[in-house]
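The primary structure of each chain is shown beneath.
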Amino acid sequence: MRITQGTFSFLPDLSDTQITAQIEYCLQNQWAVAIEFTDDPHPRNTYWAMWGMPMFDLQDPAGAMQELKACRDTYPEHYIRINAFDAAEGWETVRLSFIVNRPSEEPGFRMVRREGAGRTMHYTLESYAVNRNPEGERYGREQG
Amino acid sequence: MTVEQTVKPGAGDTIDLAAEYREAGVADVLERLDNELIGLQPVKQRVREIAALLLVDRVRSRFDLATEPPSLHMCFTGNPGTGKTTLAMRMAEILKRLGYVRKGHVVAVTRDDLVGQYIGHTAPKTREVLKRAMGGVLFIDEAYYLYRPENEKDYGQEAIELLLQVMENQRDDLVVVLAGYADRMERFFTSNPGMKSRIAHHVEFPDYSDGELTQIADLMLSQWNYHFDPGGSRAFAEYLQRRRTSPHFANARSVRNALDRMRLRQALRLFDAAAPVAREDLQTITEADVRASRHFRDSSEQDPEN
Numbered sequence: 008m009r010i011t012q013g014t015f016s017f018l019p020d021l022s023d024t025q026i027t028a029q030i031e032y033c034l035q036n037q038w039a040v041a042i043e044f045t046d047d048p049h050p051r052n053t054y055w056a057m058w059g060m061p062m063f064d065l066q067d068p069a070g071a072m073q074e075l076k077a078c079r080d081t082y083p084e085h086y087i088r089i090n091a092f093d094a095a096e097g098w099e100t101v102r103l104s105f106i107v108n109r110p111s112e113e114p115g116f117r118m119v120r121r122e123g124a125g126r127t128m129h130y131t132l133e134s135y136a137v138n139r140n141p142e143g144e145r146y147g148r149e150q151g
Numbered sequence: 101m102t103v104e105q106t107v108k109p110g111a112g113d114t115i116d117l118a119a120e121y122r123e124a125g126v127a128d129v130l131e132r133l134d135n136e137l138i139g140l141q142p143v144k145q146r147v148r149e150i151a152a153l154l155l156v157d158r159v160r161s162r163f164d165l166a167t168e169p170p171s172l173h174m175c176f177t178g179n180p181g182t183g184k185t186t187l188a189m190r191m192a193e194i195l196k197r198l199g200y201v202r203k204g205h206v207v208a209v210t211r212d213d214l215v216g217q218y219i220g221h222t223a224p225k226t227r228e229v230l231k232r233a234m235g236g237v238l239f240i241d242e243a244y245y246l247y248r249p250e251n252e253k254d255y256g257q258e259a260i261e262l263l264l265q266v267m268e269n270q271r272d273d274l275v276v277v278l279a280g281y282a283d284r285m286e287r288f289f290t291s292n293p294g295m296k297s298r299i300a301h302h303v304e305f306p307d308y309s310d311g312e313l314t315q316i317a318d319l320m321l322s323q324w325n326y327h328f329d330p331g332g333s334r335a336f337a338e339y340l341q342r343r344r345t346s347p348h349f350a351n352a353r354s355v356r357n358a359l360d361r362m363r364l365r366q367a368l369r370l371f372d373a374a375a376p377v378a379r380e381d382l383q384t385i386t387e388a389d390v391r392a393s394r395h396f397r398d399s400s401e402q403d404p405e406n
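Chains A and B are the protein sequences, given in the same order. 8 is the number of the first residue of the first sequence in our numbering; add one for each residue after it. 101 is the number of the first residue of the second sequence in our numbering; add one for each residue after it.
Derived by calculation from the structure, the hints in this document are not laboratory data. Nothing here was measured: the structure is a model prediction, and the numbers come from that model. No residue lacks a Cβ here, since even glycine has one placed at the ideal position from N, Cα and C. Check each hint, because a few of them may be wrong.
One-sided excerpt, in silico: chain A residues whose CB lies under 10 Å from chain B [to be verified]:
hint, residue
1, G59
2, M62
3, D64
4, Q66
5, D67
6, P68
7, A69
Whole structure, please, built from the sequences with the hints as guidance.
In structure tokens, the structure reads:
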């Protein structure tokens, strides 16, 4: 099941040229670009691990693309996303966030039903990949 | 490299180089270079050559004549205050107009910005600077300090290696300009032959003559809305001769500092006179303001920067 989170997630995966163009757009708006990765793609998991520091005072997408490449080389089977943070007063938040790398196989989520007091039902999601293996081995082993 | 390829010219077609030159907007950068930078004839000549090469290269690629993207890394050598940083800014502008760098900003750094203080600190620091410079020009002032032969554990070597790697593999993304004194730069290159071979353009900045320094002083003063009175300019010419022979002479930078001090003395003179001042008084630097400099005193215990 293809995970759809963040901007552009219903489109086919962006090519590197398209990612570069998006980063260019972020930089034009003076947003700081950051790269994050995870292998726990639960929709409520907002805290992904940071790949280095957010890139403030960047002028050109080449620098961010270089970091993205390094991140992909290290974590080819992780989800990687690019966040663009707007520091302008009144916004001070992430303005754009999109996935730029995903595992080759995405098993998706199981819906869990739990029966509570008085036969009430509680529903929750559970990732097959997260249940299957500990952190770092969930989507096939990374090399190195 | 961005070349707008709307219509491909055929083998028999011609392209007007002059029109191309005008379109790229390089002409007015070069013209400003001529007007705003005094002297430096050999440097201007080199800049013109480089600009011509890049322009012709661009036209060649339109005819599908395969060219290696030219190596643009440069080395500026010369004494302090000869305009190296200023030229780096102009060069960035020219490269941007011709489409060889995307953004045309200049990131000026020295050893401290690249080299870390402990093991593992250097690489991220250098990489950070390189990322910031991408799309523009990385200007490394006094680059020879990166290499410290007397200390084999020095982290400078690590920065040099990272730099070399990017200079080789990401030529489209950034242009590196090294700057410094000629002799020390030469020693730096002998111990880092890899660096020398990756730098295509070596530009030498000559010292300014007294006449050129006078012109520079006049230009600076007119930019600040000041001018010498006739006695003042005679005294200043004499000042230059004395200043040149004293230690720590830094060409245009010394001129600038001297003018700053003359402005101070002029302000104090006007203030102490306690008389009403006219517009003209506020603009004029007189002989007395110049002659108050320590370089006109004959004592041997002079402060070098005065």
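Hints versus structure:
no.: 1; hint: G59; verdict: holds (8 Å)
no.: 2; hint: M62; verdict: holds (6 Å)
no.: 3; hint: D64; verdict: holds (6 Å)
no.: 4; hint: Q66; verdict: holds (5 Å)
no.: 5; hint: D67; verdict: holds (3 Å)
no.: 6; hint: P68; verdict: holds (8 Å)
no.: 7; hint: A69; verdict: holds (4 Å)
The structure meets every hint from the earlier list without exception.
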